[in-house]
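So you can see what is in the structure, the chains are spelled out below.
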Amino acid sequence: MKDDLEVEIRDALRVRAQAVTATDLRRTDDGRDHPTRRNVLAALAAAAAVAALAVGIGVVVWPSSDKGPTPQPATGGAGVIGVKWQFEHGIQGTTTFTSPSGRVSIAFYREGKFGADDGINYLGGPYVATADGLRIGPAGSTLVGYAGHDPNVLATQIAFGALTGGRAPVSAKFNDQGELVLSGPGYSLWFRNAGPSVAPSESASFTKTPGPTR
Amino acid sequence: MRDADWTLLYDEHYLRLVRLALNLVDDLDSAEDVVQDVFAAVQRKPTPADPLPYLRTAVINRARSVLRRRRVVRAFGARASVVDFADPADEDVLRADRRSRILAAIAQLPTRQKEVVVLRYYEDLRVAEIAAALGISAAAVSTSLARALDALKEIDR
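Going down the list, the sequences are from chains Y and Z. Mapped onto the numbering used here, the consecutive letters of the first sequence carry residue numbers 3 to 216. Mapped onto the numbering used here, the consecutive letters of the second sequence carry residue numbers -10 to 146.
Some hints could be false.
What the hints assert, rightly or not - Computed beta-carbon distance windows for the label pairs: (1) Z:Arg115 to Y:Asp6: 18 to 26 Å; (2) Z:Ser54 to Y:Glu113: 27 to 35 Å; (3) Z:Ser54 to Y:Gly104: 25 to 33 Å; (4) Y:Gly197 to Z:Ala121: 50 to 58 Å; (5) Z:Asp113 to Y:Arg105: 52 to 60 Å; (6) Z:Ala129 to Y:Arg112: 52 to 60 Å; (7) Y:Glu8 to Z:Ser54: 24 to 32 Å.
Claimed, not checked - Straight-line alpha carbon distances no greater than 20 Å define the calculated DMTMM-like cross-link-like pairs of lysine to aspartate or glutamate that follow: (8) Z:Lys34 to Z:Asp(-6); (9) Z:Lys142 to Y:Asp6; (10) Z:Lys142 to Y:Asp178; (11) Y:Lys86 to Y:Glu181; (12) Z:Lys142 to Z:Glu118; (13) Y:Lys86 to Y:Asp178; (14) Z:Lys142 to Y:Glu10; (15) Y:Lys86 to Y:Glu113; (16) Y:Lys86 to Y:Asp119; (17) Z:Lys142 to Y:Asp5; (18) Z:Lys142 to Y:Glu113; (19) Z:Lys34 to Z:Asp0; (20) Z:Lys142 to Y:Asp13; (21) Y:Lys115 to Y:Asp134.
The set of hints was computed from the structure by calculation and includes no laboratory data. We put the CB at the ideal spot given by N, CA and C, even for glycine.
Turn these sequences into a full structure, and let the hints guide you.
Quick look at the structure:
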């Protein structure tokens, strides 16, 4: 038990460290600076958008596993709809990030509408249940700016933008801990059940309204 | 040693030290800042006979400052950390999930325990070497390691 844990710790630390290569660094042997991480995040967002457009109808297939239980697909949105899902952590490209605040969540209402909070803006729009998940969006959004540097905030905004863009199907599966895993081109996001979703009133529509910079 | 020797050490150890710093501060941008700050601070100093342990300790100390600052920031609302690993598209997502949980749990450890875990399991240092790097006793290293492993076992509960 302890030995297994030690092996897993060693593996996790090494895999993360070895994912960093000389080309990821700002400074390389040629003496030139590479883009900062903020620029990389912006590039990731652009790449995700291009990938989503290029993939079009692509569906992310959950890799097979020889360890642990098989994640269960949420066929037709079963178990997903009517629930508010609080964001836990995600992977976008090579970056893993965690929820920057407890407010980051997405809720699927029974009327085919969803509402989400990416920590800075509120998003909302239609969704359609598919054979192995959902097609979410395209979303409308409030337009609050974020002038900070927290990489979790930046990555979460980018990931929610990709998730709710409506450009590609999103696979929805439950892992063995009951978490909802939403995956699309280049990202996977983990959510925990935060209780039933309560549909917003008709007046709580989402419009593209400029807001203050945070 | 002359300044030029620090340049050689920079070329030789930069990536390795960034990877160590990444495991201590959990995001690449901060990790590079840590290592660059270390080299900026030492460039006018004579190089020690055995520079790698010296640089490693300097990185640990600088990373500790970053974590201390980050704790203050978190007190005002920000939370958690960024961790990087291989592209999940090429991996078993369940294993990536497990790694993510382990790294998140390590990130939550008290600073001393986290340092001990990283030096033991990433740098593969012996207890005596960890004690020398951190400037603490071997007994303190063993105690911190045991407590860290106890805390990390909670991942499965």
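A quick look at each hint next to the structure:
1. Between Arg115 (chain Z) and Asp6 (chain Y) the beta carbons are some 22 Å apart, a value that agrees with the proposed interval 18 to 26 Å.
2. As the Cβ distance of Ser54 (chain Z) to Glu113 (chain Y) is approximately 51 Å, the hint placing it in 27 to 35 Å is violated.
3. Between Ser54 (chain Z) and Gly104 (chain Y) the beta carbon distance is about 28 Å. The supplied range of 25 to 33 Å therefore holds.
4. Taking the beta carbon of each, Gly197 (chain Y) and Ala121 (chain Z) are about 51 Å apart, inside 50 to 58 Å as hinted.
5. As the Cβ distance of Asp113 (chain Z) to Arg105 (chain Y) is approximately 41 Å, the hint placing it in 52 to 60 Å is violated.
6. For the pair Ala129 (chain Z) and Arg112 (chain Y), the beta carbons lie near 57 Å from each other, so the given range of 52 to 60 Å is met.
7. For Glu8 (chain Y) paired with Ser54 (chain Z), a C-beta distance near 29 Å keeps the hint of 24 to 32 Å intact.
8. A distance of roughly 11 Å separates the Cα atoms of Lys34 (chain Z) and Asp(-6) (chain Z); the hinted pair therefore holds under the 20 Å criterion.
9. Taking the CA atoms of Lys142 (chain Z) and Asp6 (chain Y), the gap is about 10 Å. The hint holds against a cut of 20 Å.
10. For the hint linking Lys142 (chain Z) to Asp178 (chain Y), the alpha-carbon distance of about 18 Å falls within 20 Å, and the restraint holds.
11. Restraint check for Lys86 (chain Y) and Glu181 (chain Y): satisfied, since their Cα atoms lie roughly 12 Å apart, inside the 20 Å limit.
12. Annotation: proposed proximity of Lys142 (chain Z) to Glu118 (chain Z) is violated, straight-line Cα distance about 25 Å (limit 20 Å).
13. Note on Lys86 (chain Y) and Asp178 (chain Y): the hinted pairing holds, with a Cα-Cα distance of about 19 Å set against a maximum of 20 Å.
14. Simply put, Lys142 (chain Z) and Glu10 (chain Y) have alpha-carbon atoms about 11 Å apart, close enough for the 20 Å limit, and the pair holds.
15. For the hint pairing Lys86 (chain Y) with Glu113 (chain Y), the CA-to-CA distance comes to about 14 Å; that is within 20 Å, so the pair holds.
16. Between Lys86 (chain Y) and Asp119 (chain Y) the CA atoms are separated by roughly 11 Å; this keeps the pair inside 20 Å, and the hint holds.
17. A distance of roughly 11 Å separates the Cα atoms of Lys142 (chain Z) and Asp5 (chain Y); the hinted pair therefore holds under the 20 Å criterion.
18. Straight-line distance between C-alpha atoms of Lys142 (chain Z) and Glu113 (chain Y) comes to about 43 Å, which puts the hinted pair past the 20 Å bound.
19. In summary, the hint linking Lys34 (chain Z) to Asp0 (chain Z) is supported, as the alpha carbons are separated by about 17 Å, within the 20 Å threshold.
20. The suggested pairing of Lys142 (chain Z) with Asp13 (chain Y) holds, with an alpha-carbon distance near 16 Å, which does not exceed 20 Å.
21. At most 20 Å may separate the alpha-carbon atoms for a hinted pair to count; Lys115 (chain Y) and Asp134 (chain Y) meet this at roughly 18 Å.
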